[in-house]
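Peer 1: Starting from the structure of chain E, add chain V where the hints point.
Protein chains: 2
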Amino acid sequence: MWWKVLIGSLGGAAVLTVGILLGHYAIDKGSPAPSWLPDVSRDLDESLLQDFMDAVDNKKIEGFLRDLTKVPHMATSAGDEATVEYMMQHWNDQESGLDQAWRQNYVVYLSFPDPKKPNKVTVVAPNTTVLHTAREREKSYGPDQDDPEVVQPYAAYSPAGSPQGKLVYANQGKPSDYMLLNKTLDLRGTIAICRYGGAGRAEKAINAAPYGVVGVLVYSDPLDINDGLMSDSNETYPHSWYMPPSGVERGSFNTDYGDLLTPYLAAKESTYRIPVENITGIPPIPIQPIGFEDAYVLISQLGGESAPANWQGGFNCTYNYGGPGFKPASQFSNSDVKLEVFNFAKLKNSSNVMGIIRGSVEPDRYVIYGNHRDSWVHGAIDPSSGTSVMLEVTRVLGRLLKQGRWRPRRSIIFGSWGAEEFGLIGSTEYTEQYYTKLSERTVAYINVDIAVFANATLRASGMPSVQNLIFTAAKQVKAPGLESTSVYDNWLRYSNRTSPAYGTVPRVGYLTGAGSDYAAFVHYLGITAMDFSYTYDRTKTKARIYPAYHTAYDTFDYASRYIDPGFTSHQAVARTAGNVLLRLADSLLLPLNVSDYAETLEAYLATALELHQGSAAPPQIAPLKVRRINDQLMLMDRAFLDPQAFPEKHVIWASSSSGHATFPGFADAFARASLSGLEGDWFRVHHQISILSQAINGAAHMLMDGP
Amino acid sequence: MWWKVLIGSLGGAAVLTVGILLGHYAIDKGSPAPSWLPDVSRDLDESLLQDFMDAVDNKKIEGFLRDLTKVPHMATSAGDEATVEYMMQHWNDQESGLDQAWRQNYVVYLSFPDPKKPNKVTVVAPNTTVLHTAREREKSYGPDQDDPEVVQPYAAYSPAGSPQGKLVYANQGKPSDYMLLNKTLDLRGTIAICRYGGAGRAEKAINAAPYGVVGVLVYSDPLDINDGLMSDSNETYPHSWYMPPSGVERGSFNTDYGDLLTPYLAAKESTYRIPVENITGIPPIPIQPIGFEDAYVLISQLGGESAPANWQGGFNCTYNYGGPGFKPASQFSNSDVKLEVFNFAKLKNSSNVMGIIRGSVEPDRYVIYGNHRDSWVHGAIDPSSGTSVMLEVTRVLGRLLKQGRWRPRRSIIFGSWGAEEFGLIGSTEYTEQYYTKLSERTVAYINVDIAVFANATLRASGMPSVQNLIFTAAKQVKAPGLESTSVYDNWLRYSNRTSPAYGTVPRVGYLTGAGSDYAAFVHYLGITAMDFSYTYDRTKTKARIYPAYHTAYDTFDYASRYIDPGFTSHQAVARTAGNVLLRLADSLLLPLNVSDYAETLEAYLATALELHQGSAAPPQIAPLKVRRINDQLMLMDRAFLDPQAFPEKHVIWASSSSGHATFPGFADAFARASLSGLEGDWFRVHHQISILSQAINGAAHMLMDGP
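Each protein sequence line maps, in turn, to chains E and V.
Oh and the first sequence: position 227 is 227 in full-length UniProt numbering, straight run, nothing missing.
Oh and the second sequence: position 461 is 461 in full-length UniProt numbering, straight run, nothing missing.
Just so you know, the hints here were simulated from the structure itself, not pulled from any lab data.
Errors might be hidden in some of the hints.
Identical copies look the same in the list; a pair holds intra-copy or inter-copy alike.
Taking lysine to any residue and the SDA-like style, the derived pairs with C-alpha atoms no more than 20 Å apart in a straight line are [what the hints assert, rightly or not]:
1) K120 <-> P163
2) K346 <-> Q152
3) K268 <-> V84
4) K268 <-> H687
5) K268 <-> S140
6) K268 <-> H686
7) K268 <-> R684
8) K268 <-> V107
9) K174 <-> R188
10) K327 <-> E46
11) K346 <-> L492
12) K327 <-> W102
13) K540 <-> Y211
Keep in mind the model is a prediction, meaning the values are calculated, not measured.
So here's chain E without its partners, still in its complex pose:
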């Protein structure tokens, strides 16, 4: 009944009836300084900040991680529910909890394999004999892999279906890969096998379908994930951090983020849902991931011409295109590959756990710190390394709070997001539900998803305006295992760049695309955001990501033996992110540096000129002194939102296929127009320039008082 929903929602309008707190403002003139003045003018307390960092305990982080990873905790599973309760218990703790903690439920559209009818991949001879069956579960090396709650490897949001056809090898499944393959072969009715990397998961199937491909297999090639190693007798986990031959990266196969049935609306029970057939950005044909041990069996027997050099992977065989199908001389001669995918979609209750420490002076300004809680299996690294770090940050801040030693100037909100793995769902629904409020009040968003990929160096990404803030924090934290070196100095050795203003500085990455829960904050709300982790020494590994990513081997055992023995990198991330958090919450003037934004825009322009014009040095921009106040700083990023863009509104950080750090909408429009030469496409370039020009001027105007 529509009116019940509406009456329910008008309950919310009850708070529109407000009392007046005039007394709060009644001030006798000429009297001595009012009692609230010292509070209002108090700045960040550096000694308290030091106390915070000293108290961050690697052993506590280890304990949190051990607790969180006892069982698999995929979104909405019993294990996930246990982590909800674990967060609630810690955030409500009398001695080290927050002011308040609560759970917030959404009814979201998820996709699962059928435990009673596992997905199958087989090689089927012309006489229907099954010649080979791929593993349905990953190989066990201990009790973690034996847990019955380990979900079968699958591609979430793949449609169900049983396509069968001749196999072809499609490299990474990029548009250019299928285009090249299609020049050699008729792809109609084939099954394509791709390696992970180069294109988004769903795109490997979306790019294939127009050529008539009927099903897709995907696997992690040892070249991309294992630095070429592949023997589980001595080279891979449990002997090292490398992926065992049966390991399979699970994942969400969709290109849009947020609940797929409720775009722009929070997925509450009563919310309108679009028809399932209107969902966009998911695979149109069945797709299934397999381990490289099975991929080897298939690829090593493929017929046809040999694929180009940059398509060759780590197997000791030539990667052929496929005949299509297998070599006539092989055991699979003339056989098909058959996928049987029984995935089904279901509306499920997913929870965010939210917590708050209320601000003393500006309770209605928020610094938000978030991490997702759900994993694919045990998720020791993804995401529980980050969850453990967040729990340690809240434990230390909670103790300072409960002891009466500290209360932040601004409110701090913590978000333990649900269902991130299915497409950043918990964080996106939260931003949709509180769109205006968060947009008007949020100072910044800090994301720590995977806290530790490896223990070599800090990795930080964010808007250019937070670069200095991150540097300040990183200089105050000791690098793990290097007592006399700061995280900053260590970072500088691993990854740096030359800034016109500062000389050589560590390289802060950009938050483009939708890699973790910062996406809705950046692209939908236009909030200044950043993301922290510890990461690889790239001289030692070329792995796409840590090799146990999204497999049943991402366990406490793996994390504590191979990723961060002693948990000191976790500790360094907790100290750095916590330091940044305290600076944002307690500084009188927000520690955001707008001139660094200008530097990036100039670099973007230089790149645009270089790519698309070929001459003309970027213009020199004269400095201009303007008043700098917190609201202006906080809200400047909002001015970069194009109100009509869809679905990514931020004109600087939107995704781009250009592959260059330059204005994304403009670069993409330019590339398209250059290719097509169509007048209409050149008009779109002009349109993009107008949007960009208006946004940059709008952001500049946010820094002036006058109209």
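Peer 2: Showing chain V alone in chain E's frame:
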């Protein structure tokens, strides 16, 4: 060259390089109250407010009006340019000017008749003899009508063309009118004549075209505009305020507002413009307005069946549908009506004149007061009555400012908008150019377009949250000609309603639709807005609007003799609007009352229940005390914006065809679904409820500190 534009726009990024004003915040703790404290905590000064009102001078307003209406000042004409200079001169005056005044140009798409080939309407016999030619200019009663700069009556944005066909009478040109007419007649190839009213100007042609109508005439029926009077020998102007028989209402014939070629972008010279053929919401067939003296000649000779009673107008004849065409026995038997429209469109420079009085304490909070400057002809009432009021408000405030007696707490911005008559263009381009800044900082927008329609009573419209503010001001102003009665008490007699909270109060209208320059502030930015004027005694006239509206008779002579002799109603509007302006600019706590918003939402719900459900009293909403601070009040309306709605985003004040004061998107979706019964339409109802529910909850959340 794209890169020149981009480099130019990056000049704006120069201000991204900012200095730090830390000293501004350095406060010694324990010292006596800092010197800025009295300023920061100063509230509205009631005695200064009284001084302001006393100083508002009806003679000055009369003088401004006389100056402004010397010549026609249609947008971008020489007369318009003279008014730009007039505003600049007054706002830059050393003794009574503002802090700063400047002009802001946009390059906008306008439509004009061709002075060398005037538009023609003729009756053409089968043998091509012209039997009747409608007047091309309005009849002169004095030098104002003789001015060569008086623009020929025309329908701006009508396409050029020379359609010819049998005449039919289509009442008001509503969809239902054409539907009924089409049941009786084959409308293909006909010319329709409609009276003004009932449907938007452009809609009369847009609604006609699908039936095959090839041209449209429109006129003001004496019943609708003149209370039935029509003789210029003793009944109409110059003998009274009524429209002479040759009077023609000009107007902009478009349904969207803002520059038609640059949606969502400010129309600067370099801005991308959509192709002209992509413009929506303008007449697809030629349309031309004529006087009722010519309309009578045509309608009185129409053949066919007599139209229904509610289609009959004020002429002393039966209004027939048309045969189609004229009565066989009439002089026009078998003749066609022919339109010759030579309108052309052109990009023209249009200026806003902007002025500012900078705030002392919160310079980056804006109260904006606006009025458009352009008219169709002399525009004494529309808009110069409002321009004169604005000039008097700025004169009095400017004197207080220059004398050092006053500076507002918040900045006051004045906007003298250009090209309003062509579709609210100046104000819309301004909101597009400064979208984020205005959205984040504007406290409220005050619009005074036509200041005085008639001299009986105040008319005020606005968001419910400004009701109390308007009442407070109206109680402090004396009603013109009634020394012991306030504007409030006088208003209460003319127009009132019963409020559950307050009993009988004057009726404040809602700012739905796009009637004047508040539209972009309300629908695009979600800013609290209001509109003021003095208006009719409805027991004395039923005129749709003051009869000289958009004609060559809207002159100083007309205004001073028939609308407001003595200019005391102008004075009352200046005092009331100025009082509201000062309260918004100077009050410590913003004088916005959120509980009145809740009352309106409950009334909307009650109407929705009554219309669409038939039972269930609206729910009782318990009061809840929450902190009330200015930002929360200021920004609450923003939460009612649906970020994906297009083009009107405000979910409470968007236009609706329901004709009831209830949730517009929901009511329209419900009406559509009820008619069609289609499942897809009922899904849209559900979608609207979800949008509404999220917006109301979002607004409620804006009034709480926590997340």
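Peer 1: Work down the list of hints and note, for each, if the structure agrees.
Peer 2: Hints, one by one, checked against the model:
no.	hint	result
1	K120 <-> P163	within (11 Å within a copy, 70 Å between copies)
2	K346 <-> Q152	within (17 Å within a copy, 66 Å between copies)
3	K268 <-> V84	within (19 Å within a copy, 53 Å between copies)
4	K268 <-> H687	between (37 Å within a copy, 12 Å between copies)
5	K268 <-> S140	neither (39 Å within a copy, 66 Å between copies)
6	K268 <-> H686	between (40 Å within a copy, 13 Å between copies)
7	K268 <-> R684	between (37 Å within a copy, 17 Å between copies)
8	K268 <-> V107	within (6 Å within a copy, 46 Å between copies)
9	K174 <-> R188	within (17 Å within a copy, 55 Å between copies)
10	K327 <-> E46	neither (69 Å within a copy, 94 Å between copies)
11	K346 <-> L492	neither (47 Å within a copy, 58 Å between copies)
12	K327 <-> W102	neither (60 Å within a copy, 78 Å between copies)
13	K540 <-> Y211	neither (39 Å within a copy, 75 Å between copies)
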